[in-house]
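Visitor: The residues making up each chain are set out below.
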Amino acid sequence: MFHKRHPAAGARPGTLVLPEGAVPPKIHVIRYDHDQVEEIEVDDSAKLRALVVDGKITWIDVQGVGDEAVLRRIAEDFGIHLLALEDVVNAPQRPKIEEYADHLLMITRECQLSTKLELEVDQVGIFLGERYVLTFQEQYGDGLDCVRSRIRAGKGRIRHVGADYLAYAILDAIIDEYYPVVEGIGDDLERLEPRIMTRPTPATLARLNRHKALLLKVRRGIWPQRDALNRLLRDGSRFVTDEVRLHLRDTLDHASQVVDVVDSNRELVNGLMNIYLSVIANRTNDVMKVLTIMASIFIPLTFIAGIYGMNFDVMPELRWSWGYPVVIGVMGVTVVALLIFFFLKGWIGSGSVDGRDEEE
Amino acid sequence: MFHKRHPAAGARPGTLVLPEGAVPPKIHVIRYDHDQVEEIEVDDSAKLRALVVDGKITWIDVQGVGDEAVLRRIAEDFGIHLLALEDVVNAPQRPKIEEYADHLLMITRECQLSTKLELEVDQVGIFLGERYVLTFQEQYGDGLDCVRSRIRAGKGRIRHVGADYLAYAILDAIIDEYYPVVEGIGDDLERLEPRIMTRPTPATLARLNRHKALLLKVRRGIWPQRDALNRLLRDGSRFVTDEVRLHLRDTLDHASQVVDVVDSNRELVNGLMNIYLSVIANRTNDVMKVLTIMASIFIPLTFIAGIYGMNFDVMPELRWSWGYPVVIGVMGVTVVALLIFFFLKGWIGSGSVDGRDEEE
Amino acid sequence: MFHKRHPAAGARPGTLVLPEGAVPPKIHVIRYDHDQVEEIEVDDSAKLRALVVDGKITWIDVQGVGDEAVLRRIAEDFGIHLLALEDVVNAPQRPKIEEYADHLLMITRECQLSTKLELEVDQVGIFLGERYVLTFQEQYGDGLDCVRSRIRAGKGRIRHVGADYLAYAILDAIIDEYYPVVEGIGDDLERLEPRIMTRPTPATLARLNRHKALLLKVRRGIWPQRDALNRLLRDGSRFVTDEVRLHLRDTLDHASQVVDVVDSNRELVNGLMNIYLSVIANRTNDVMKVLTIMASIFIPLTFIAGIYGMNFDVMPELRWSWGYPVVIGVMGVTVVALLIFFFLKGWIGSGSVDGRDEEE
Amino acid sequence: MFHKRHPAAGARPGTLVLPEGAVPPKIHVIRYDHDQVEEIEVDDSAKLRALVVDGKITWIDVQGVGDEAVLRRIAEDFGIHLLALEDVVNAPQRPKIEEYADHLLMITRECQLSTKLELEVDQVGIFLGERYVLTFQEQYGDGLDCVRSRIRAGKGRIRHVGADYLAYAILDAIIDEYYPVVEGIGDDLERLEPRIMTRPTPATLARLNRHKALLLKVRRGIWPQRDALNRLLRDGSRFVTDEVRLHLRDTLDHASQVVDVVDSNRELVNGLMNIYLSVIANRTNDVMKVLTIMASIFIPLTFIAGIYGMNFDVMPELRWSWGYPVVIGVMGVTVVALLIFFFLKGWIGSGSVDGRDEEE
Amino acid sequence: MFHKRHPAAGARPGTLVLPEGAVPPKIHVIRYDHDQVEEIEVDDSAKLRALVVDGKITWIDVQGVGDEAVLRRIAEDFGIHLLALEDVVNAPQRPKIEEYADHLLMITRECQLSTKLELEVDQVGIFLGERYVLTFQEQYGDGLDCVRSRIRAGKGRIRHVGADYLAYAILDAIIDEYYPVVEGIGDDLERLEPRIMTRPTPATLARLNRHKALLLKVRRGIWPQRDALNRLLRDGSRFVTDEVRLHLRDTLDHASQVVDVVDSNRELVNGLMNIYLSVIANRTNDVMKVLTIMASIFIPLTFIAGIYGMNFDVMPELRWSWGYPVVIGVMGVTVVALLIFFFLKGWIGSGSVDGRDEEE
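Residue numbers (the working numbering), protein chains in the order written: chain A, -18 to 341; chain B, -18 to 341; chain C, -18 to 341; chain D, -18 to 341; chain E, -18 to 341.
If you're looking for bench data, these hints aren't it; they were derived computationally from the structure.
Hints may be right or wrong, so weigh each one.
Claimed, not checked - Below, simulated DSS-like cross-link-like pairs (lysine-lysine); rule was C-alpha separation at most 25 Å, straight line:
1) E/LYS37 <-> E/LYS136
2) D/LYS97 <-> D/LYS7
3) E/LYS198 <-> D/LYS198
4) E/LYS28 <-> E/LYS97
5) C/LYS198 <-> B/LYS198
6) C/LYS326 <-> B/LYS326
Stated by the list, open to error - To give an idea of the interface, some chain E residues facing chain D are shown, with a C-beta separation under 7 Å as derived from the structure:
7) ASN190
8) ARG215
9) GLY290
A virtual CB, placed ideally from N, CA and C, is assigned to each residue, including glycine.
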């Protein structure tokens, strides 16, 4: 569940561990200024550096990390430190923001909730340089298409400001994707609540527990992100202008809010677990009450019947002609007395056996 | 439960997401100085900026955020950053205080407890400028009428000091509304306690749990508020005079106290949950005792009766004329012996079956 | 339980909310220097300010806050800010220490444990000025008489140092009163322990829970006090000399120790709750064992008796003259076999049914 | 359990509360330099100050605090502040390190575990002056003899460095005594584990709980000690040379490690409590299974026998000559069917009733 | 479990406590520069210092600490403080990084998981000097062979940079070994989950608890390591160049990630414990239901049969020729009514008795 791809202990730093079944990199470049947008699919990674030109913003998006040679070539061209490249490839890393000489590296984690409520995590490494943004994604995916669309549409500020704004836009898109994830989990928790009240099974508890683990995983993705953003905003960076800092403050707010919702949902899970255990306890109590009432009523009666089933020669009551009705009457009185006893204890009567229809 | 209105991931920053069924803005302006108070209902948002004049304090209260054009117009006139406007409209945001070039933005959350013990939350965004206060409320509401009344009445300091005092008065009114909320929850918890002791049902536990969630929600409203106030008091702000800082320190005290009460109530809820589980456990124990006593007494008796109900040809006891009374006697002795045994174990006797009448 | 007197939301700052049934203020003044002690009962609050003279220390003790006019008069004469006065009257406030232009305000909370183990809380506001100490107590009370006695006796440093030493003496007396409170609760917890082992009832748990709430309340009284003292010692204050700081460090130690004892007692309560639940679980287990043993022994026997109570025409055993003793023998063997089975499971034998006499 | 000797609230600061049954002070002085060691038993406390001479290190060890006059005399001679003396006598104080004009005061707590696993706590106050160390112990004791032996032996650094090294040696000896304490508790916890698995009684839980309280007490002794050392190392002190600071860093490591072990043991206790509750729950489950199996098998059989024990005139089966064997056969089939049912549910079969022999 | 080798309380600082059965030191030296690698087995510890020459990096690896004379000799030659030597020998110490005059000391803890899921811990002390690295390992072992291989192979940076890089490589290898440990525990936890759902025994819980203790132990090994690294990176050190700091930042990331995984696994253990308890509770509930259903159905029937087994002379029903079938019919109706009752309560029907087959 919490495995990480990592080189063998003692391996050289910068050793890349390509994920099993890693896909070969596809490189998509989008270059724009106020007036124009060019989109280029690049096959030869050696040509990438030349695409970055003055007066334009270039976004190089590398999807798939399945070819070490390509990755190393790009790293060399863009002056990427071996450790930074390792961080990008050997996912999952803790989200972080690190400043290097030529660029700012942001390691972020994209989350999506599958329809089966499983978490699909994809690490995105963002290098923010002077006039370019270079992103590495583990998988082919369209998570960042929304940003591309905004560039193409050209509305808003995105075409009029620097590469830092583009990096912000990408980061913001990634963090905003956490909202549907936590809300999806929250919705399922709400669906589980009535089920816990009426049909609690260990499977339900196991599912609650899985949700808890999911929430923990989400938290581990967003918390260090928030931390890193906080530090970036506090300390500043050469690569980030004041205007973009204002926007990053907004992104930080979103990250904080996601953390809040995750924590609320974790409390919700704990609460539901408590209810679960209490419902089970109540049910055991109910079952016991039924058993006790049935047994307490019929066992004494059976005893009385047993008495007069004995075969003693001398049992005067058996000879009386009123014997039988009297015994039946005694039994009836016993039953009534016991019913009253149980009623006074509150074990029988409206709702008390079931206990689910009593709310305000 | 914890949903937030937010634009689709990757949307342009500043994208407004009007709440479904949002009401069109109603704009109420109150302008005053030492001597005079004017109140104006404004229909045309374009005229608002002109209302702010030297020598007077102007409070522009916008209720309802259902018209994007109006909101954008106001934002433009008052130099409100798109991200700030987004914070005001896309509620709920985390409460916070941010300083911009032209004004201080306070995002606050107003809470009220409905008679059904549900939390009604309304976000209030407060822009504090040089000579004006501009508030945005999600809903039409009269939560701030108390402040208006104080302005009209003209007693106290409110008419003699600046816009910052007005902003303080609004903030203080909002935070003071938390008291009845937490007290209302606390009162209901106290009402629940005897019920948990006498009639615990899973529904009661679910209600406790709902209260816990409520308290969590209140905490999430007030905690960041307190945090933000704390930071504002520590760092100061161009828009806040020393006199008002003293008053804000008082508001901070109130916020801290609300947090304290919320936390105490959360502990109370946890305590009640423990009692709940223990009452259930005790009841199961009581039920078992009754069953055990009844079964243990009558099952042996029934067995004895069963013996003498056997149809063996040779069973000398059946022929004895004292057989029947002797067997009845043996049964009586058995019953007494068992009763003594149970009494010594403390399972029968005064109060032990019920267990609720033993406190000093 | 956690209610606070507070003005309606939106009221003017400085609005006083006199407690229901508040008592009219009684003002006791004690004025002293190295040589002399004067004690004066003052009826007319207007004369108070004049009592403060050079070369003497004046302690003005106002007990009862039931007369707004008097309070406002004093506040005016001594330059007390409206918010400070509000803090003093609208109890309970969080304990705190705030520096104003003319004086240092300490809000403290006096605690006493009634014989019924209820907490009696009385807020004491202490204004420490240049040559005077002004205290406000909610109730008439003699909690500070010990300080007065020390002044009268004139031993030790109290008559030779400034007003700050007097304020320290008052604060120290208030904090030292916490010791008997937490020790009283601790003693009762120790009394409860054997009872939980031998006679656990939900009432006992409710009492544990009440103690927990009490401890929480004490903690909420002493923790912010300690915090405020800590800050005062760190930052210093114009009104506090170095000699008195040394003494306040001692008071801070006491406050820290009270917090420690409170926290230990809270852990103790949690431990007792665990024991409680486990004792209940053990008892249910014991009850079940008795039931199981009785039922398992007699139900098979009754069945055997039932067999030979059948009325089939052809049941050869019934005709055998050894039939009856053989069946009785079979029953005896069954009983012995079952007893051995239960003994091997450890359910019967010395101590195992009761389980309370096995310790080391 | 957590009582402290303290003066009545409101007493003069510096009031000494001699412990009941306090022993009269015995004063042992050891004075040494590179070459020589003198040991002196002193009866007259007035002569102590004169023993401190240049060029030698003097260690004055006062055991027993039962004579206020002696204590006050020493305090006066060595310039000990009344509050410092109070800290030394009114034990237990929180361990702390405070710098005064003439000396550094370290309040420490010596712990030992009795053979009955009770904690014997003895407060040691250490005054470190220019050329002397003055220690106060509550009880007569030989806890510091190891340091004396090192002085006498004269190996290592102890005779060649200043009084601060001596104070360090004493402090180190005191903190190292915590190791056997926490290890003793840990060992007993390991002894308890198998007992909890096989014979859980509330007494065992109570013992676990006592261990938890013990660990808490140890933690309260060592934690503030570590804190104080940390602060001393960070801020430095006139009385401590750089060489000794290096050694104190080592002592701090030891204190940190003791805290670690205490915390690990606390987790261990919590884990054992969980196992305890689960073992009880499993046992109840086992008991119930036996009851259910016995009852479910024999109750239906008894019913069948009951049918043919009825005395109706017309019951054709009773007349059949195969009636009896057929009924016995039906009963046999019933038993087998129920056994198969219980076997399929996993309630009977190898190990399932007991459940303790299944591990890997 | 948490024992530490430590000298008797009060022993001289620097006292070495050789582990029982400690192995005599084997000294392996590897000396290299860009071009050349020499490997030397050294028998005479007196010659070690001379091996450190300018222009080369020397790594002296001492395996085994069983000979005090050798250790003291090395310490003297390399200027190792007695306390530092004590830290290296008296394992386990808390991992830490301390700067001395001649070298930087890193105390680290190597972890490996045995096939029986036991933790094998080996302390490694690393002294980083100007041109040498000196390591002490408790046991003979090949944990650092991977680093030696990299030196021999000569690829990467290791042969071209200073001794600090070598120390980093060793530290990194040690920390990377934590990954398989925490993943091994995590895998076993996942294997335990289905077992808890289907066959929960106290032994399973005890195993969960052991895993929890293991995780705690791992955390205690890695947490202070991370802490120390953090401080080293923040404060810098004379012995660490900027290039190596970049690499240590990567190592810190790894340590943080290990802590994250440990914490996630601890949450997982807690979740599994909850499931465990709930499965037991559900099983008790199931057992009770079977008992209740069987008893509730057959006890009334047996009673009815008992009635007509009575021997009264006058029992008209016994004489009716339809008596027997009517009674059988009444019994049948009773059974059906009870079955319907239990079905409506949800106690019988598909899956409800077992409760494990209901998930979506």
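Visitor: All hints are to be evaluated individually against the structure, with a verdict given for each.
Guide: Hint-by-hint comparison with the structure:
1. About 17 Å separates the Cα atoms of E/LYS37 and E/LYS136, which keeps this hinted pair within 25 Å; it holds.
2. Restraint check for D/LYS97 and D/LYS7: not satisfied, since their Cα atoms lie roughly 28 Å apart, outside the 25 Å limit.
3. Proximity of E/LYS198 to D/LYS198 is assessed by CA-CA distance (about 23 Å); at most 25 Å being required, the pair is judged to hold.
4. Only pairs whose Cα atoms come within 25 Å are accepted, and E/LYS28 paired with E/LYS97 is rejected, the gap being roughly 42 Å.
5. Pair hint C/LYS198 plus B/LYS198 holds up; C-alpha atoms about 23 Å apart against a cutoff of 25 Å.
6. Between C/LYS326 and B/LYS326 the alpha-carbon distance is near 21 Å, which keeps this suggested pair within the 25 Å criterion.
7. Hint on E/ASN190 holds. Least Cβ distance to chain D is approximately 4 Å, under the 7 Å limit.
8. Taking 7 Å as the C-beta contact cut-off toward chain D, the hint placing E/ARG215 at the interface is violated, the least distance being around 15 Å.
9. The interface hint given for E/GLY290 holds, since its Cβ lies 4 Å from the closest Cβ of chain D, which is under the 7 Å cut-off.
Against the hints set out earlier in the document, violations occur for numbers 2, 4 and 8.
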